[in-house]
Amino acid sequence: MEVALDLRRRGVFEYHGFLIAKEIQEREGARLLTAHGTLYKALYRMEKAGLLSSYWEDPLTAADESRPRRRLYQITAAGQKALAEARPFQANPTVRLEPREANP
Amino acid sequence: MSIATEGLAQRAARWWVSLYTIGLPASIRDRRRAEIRSDLWEQQRAFSREGHSSGLTALVTLDRTARGVPADLVWRVGTGDTAGQSLGLWFAFSATMGLWLAFLRPGVPDLNSSAPALAEFYAGKGLSITVGHVLIWTSAGIFARFVLRLCRSSLTMQHGQGALHAIVLVSGMAAAATLCLVFALTGVASFSGEAGLDPSVTQHLFPLAGLTFHTVLSGAMAVFLAATTAVSVQGGTGSNWTAWFSGVLGFLFLLEATGALLVFLLPQALFLAWVVVKSFEVSGRRLPHVS
Numbered sequence: 129m130e131v132a133l134d135l136r137r138r139g140v141f142e143y144h145g146f147l148i149a150k151e152i153q154e155r156e157g158a159r160l161l162t163a164h165g166t167l168y169k170a171l172y173r174m175e176k177a178g179l180l181s182s183y184w185e186d187p188l189t190a191a192d193e194s195r196p197r198r199r200l201y202q203i204t205a206a207g208q209k210a211l212a213e214a215r216p217f218q219a220n221p222t223v224r225l226e227p228r229e230a231n232p
Numbered sequence: 413m414s415i416a417t418e419g420l421a422q423r424a425a426r427w428w429v430s431l432y433t434i435g436l437p438a439s440i441r442d443r444r445r446a447e448i449r450s451d452l453w454e455q456q457r458a459f460s461r462e463g464h465s466s467g468l469t470a471l472v473t474l475d476r477t478a479r480g481v482p483a484d485l486v487w488r489v490g491t492g493d494t495a496g497q498s499l500g501l502w503f504a505f506s507a508t509m510g511l512w513l514a515f516l517r518p519g520v521p522d523l524n525s526s527a528p529a530l531a532e533f534y535a536g537k538g539l540s541i542t543v544g545h546v547l548i549w550t551s552a553g554i555f556a557r558f559v560l561r562l563c564r565s566s567l568t569m570q571h572g573q574g575a576l577h578a579i580v581l582v583s584g585m586a587a588a589a590t591l592c593l594v595f596a597l598t599g600v601a602s603f604s605g606e607a608g609l610d611p612s613v614t615q616h617l618f619p620l621a622g623l624t625f626h627t628v629l630s631g632a633m634a635v636f637l638a639a640t641t642a643v644s645v646q647g648g649t650g651s652n653w654t655a656w657f658s659g660v661l662g663f664l665f666l667l668e669a670t671g672a673l674l675v676f677l678l679p680q681a682l683f684l685a686w687v688v689v690k691s692f693e694v695s696g697r698r699l700p701h702v703s
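First to last, the sequence lines map onto chains X and V. So the number in this note's numbering is just where the residue sits in the first sequence, counting from 1, plus 128. So the number in this note's numbering is just where the residue sits in the second sequence, counting from 1, plus 412.
So that you can see chain V by itself, here it is in the shape it has in the complex (with noise of 0.2 Å):
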């Protein structure tokens, strides 16, 4: 173990504290990081004065990071702001209920049906699905002023703390290029054709889009990414090219969430749309004739 192994332990300490208070206000947050940044340098410099070596320093503060996650993770949900508290519920609770009504109660109705058969089915079951989908769209709205508030945190932070935010971003992206690919290629096949839907809207024009956009993040990913690591390998100028990699890829997972959500929600939009005329035509003709 060495001088480096030392450095690396520090900042996977610096990095996991940077994770769990993403998101807090700022006085907090940069209250906890400047306090574990200050005590990872006063043991450092405790243990090299006791003349302990680099390695066991690293594994002491590997050691103290690890055994404190779960007081840190306790901490964090006790600590968030009551505002943002009562939104992430508000999140949890709409796209449960809204997944609910919108898809999981009405059911499947057998899709070789005739087209009247198909809107009729429909059509009974157009108020929970009108619920469902508002519910949707609340928690698309909760989960867009997240991203925005990730977005500009890792936009504000300090040269060192930028890794493991760029970590969680490009994972968070992979998770939002799945769903965007998911639900381009097979969300919205179901509800087109005889239901009543142009399928060549619903079947080709966005999945099409779905593909377009994640080819063309991908690819501005990989340019991006081949860019920085030749700046850093050279040297001299990648002080703050930690910082600068994750707010850029802050925008990168802004664009991908957007981007998933809009492949999900416009088709179910659609649909929506379709069900709510359905609902009227249908119930227009159970009404009985005023002679």
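Isolated chain X, as found in the complex (with noise of 0.2 Å):
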């Protein structure tokens, strides 16, 4: 989701899986891309639950570019509230929530 958030930043709307797996490559230093199983798991999941959404592209665009078709994802609203909402937490991850009051 950080991610998704850093290339609509970057001018980045929409972006394929594999391009997902290499900004986490970069971003997070690691040596290894995401595996394939994790990163669509992920990915198929976070849309089931509204955070992204995804579209083919046109076909035309992938056959003058003599390429596969790219699925396109892009953040929700409901994504980005969901990343402001637990960024609090990743900050610090030992903020507790405090019990409510309960009501008189």
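The hints are simulated quantities; they were obtained by calculation from the structure and are not laboratory data. Bear in mind that the values here come from a model prediction, so they are computed numbers and not experimental data. Note that CB positions come from ideal geometry on N, CA and C, so glycine has one too. Just to be clear, a hint being listed does not mean it is correct.
To be verified - Cβ-Cβ distance ranges computed for the label pairs, FRET-style:
#1 MET129(X) <-> SER460(V): 26 to 32 Å
#2 ARG195(X) <-> VAL486(V): 28 to 34 Å
#3 GLU185(X) <-> PHE558(V): 32 to 38 Å
#4 LEU516(V) <-> ARG215(X): 54 to 60 Å
#5 PRO187(X) <-> GLY463(V): 27 to 33 Å
#6 PHE141(X) <-> ALA416(V): 36 to 42 Å
#7 SER439(V) <-> ALA212(X): 28 to 34 Å
#8 ALA416(V) <-> ARG195(X): 18 to 24 Å
#9 VAL543(V) <-> ALA212(X): 55 to 61 Å
#10 SER460(V) <-> GLY178(X): 35 to 41 Å
Take each chain as given, in its own frame, and dock them per the hints.
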């Protein structure tokens, strides 16, 4: 999700699976690219949860560049909201939720 | 390492995705296969632009595929259609309960006993054996449905996705063939002879049918493999041969599985009929005479 938002800030509003894997690798300084299974399982689940949306690009675009069609992902409003809510916990994992006061 | 190695690694990755998506709804299956295909292409292009060797690209492809296997399997289990998962559970339940009720719970009598003693033994467990057989036939029906779906899926496959399907089907066929032989040669012998079934049927006809069936099918397989190999070696016309290969193998698998089931189930059906008849006879003997 962070990667999706980073790409968006850099003006990339739609991204395919391999681009996300590459961004994760560069962001985290990882030696290995994310495995196919891990990457696409996560994308599939995030899309099902409404955090991402996706569609197949125009076949003519792919044909023009002589390559397979890309599945393009975008972060949704719900995804951005979920990420904003998760940020405080990412910055300080020891933060704990205070119990709500009971209504009198 | 060469470009050929890179191609092989890509093919392995595509075969793996073809394998674990078998039986999924077409929309989910085709999407996952197309996404991996696109990913592999993008990776190859990116590595090529960065000046990496074909060998490294192949290694990274294999590494990404292998590390993703657990996630692929978890995804596969959680993604199958609900109806398919329910059927899978029904199959497991009915097969296990059926085998237990029909064979394990009744136990094995002393086969040297006299015919009336054997009849008495089985008749006393007639209900358990009958319910067990109904469950076994239910699981056989679910299995037949699965095989039909597998065959249909392999026939609609596109070029380049067929070889691993073919391997899976051949392995399945080998397992089915083994079952066929085992049951044909040994499965029916214990329910024959003095127990009341005609030994010429149970001890000779079914084993012979099983052996004939298996021999004919093995011969057909050998001819088919020789022909397809010749076509592919000559080249030029071999572009769609993997799809054709696995399509025909799908049908052979269907034949083999059906044959194995019949060789196993038909003698069991005869046995069940015999148990039911004997149960009535024995219970009739036990009824008090009304004067």
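Outcome of the hint check:
Our hint of 26 to 32 Å for MET129(X) and SER460(V) holds, since their Cβ atoms are close to 30 Å apart. Restraint check, ARG195(X) to VAL486(V): a C-beta distance of roughly 30 Å satisfies the suggested window 28 to 34 Å. Our hint of 32 to 38 Å for GLU185(X) and PHE558(V) holds, since their Cβ atoms are close to 35 Å apart. Checked against the hint of 54 to 60 Å, the C-beta distance between LEU516(V) and ARG215(X) comes to roughly 59 Å, which is consistent with it.
For the pair PRO187(X) and GLY463(V), the beta carbons lie near 31 Å from each other, so the given range of 27 to 33 Å is met. Remark: the range hint 36 to 42 Å for PHE141(X) to ALA416(V) is upheld by a beta-carbon distance near 38 Å. Separation of SER439(V) from ALA212(X) is about 32 Å and conforms to the stated range, judged on CB atoms against 28 to 34 Å. Taking 18 to 24 Å as the suggested C-beta distance range, the pair ALA416(V) and ARG195(X) conforms, at roughly 21 Å.
A hinted range of 55 to 61 Å holds for the C-beta pair VAL543(V) and ALA212(X), which are about 59 Å apart. With their beta carbons about 36 Å apart, SER460(V) and GLY178(X) fall inside the hinted range of 35 to 41 Å.
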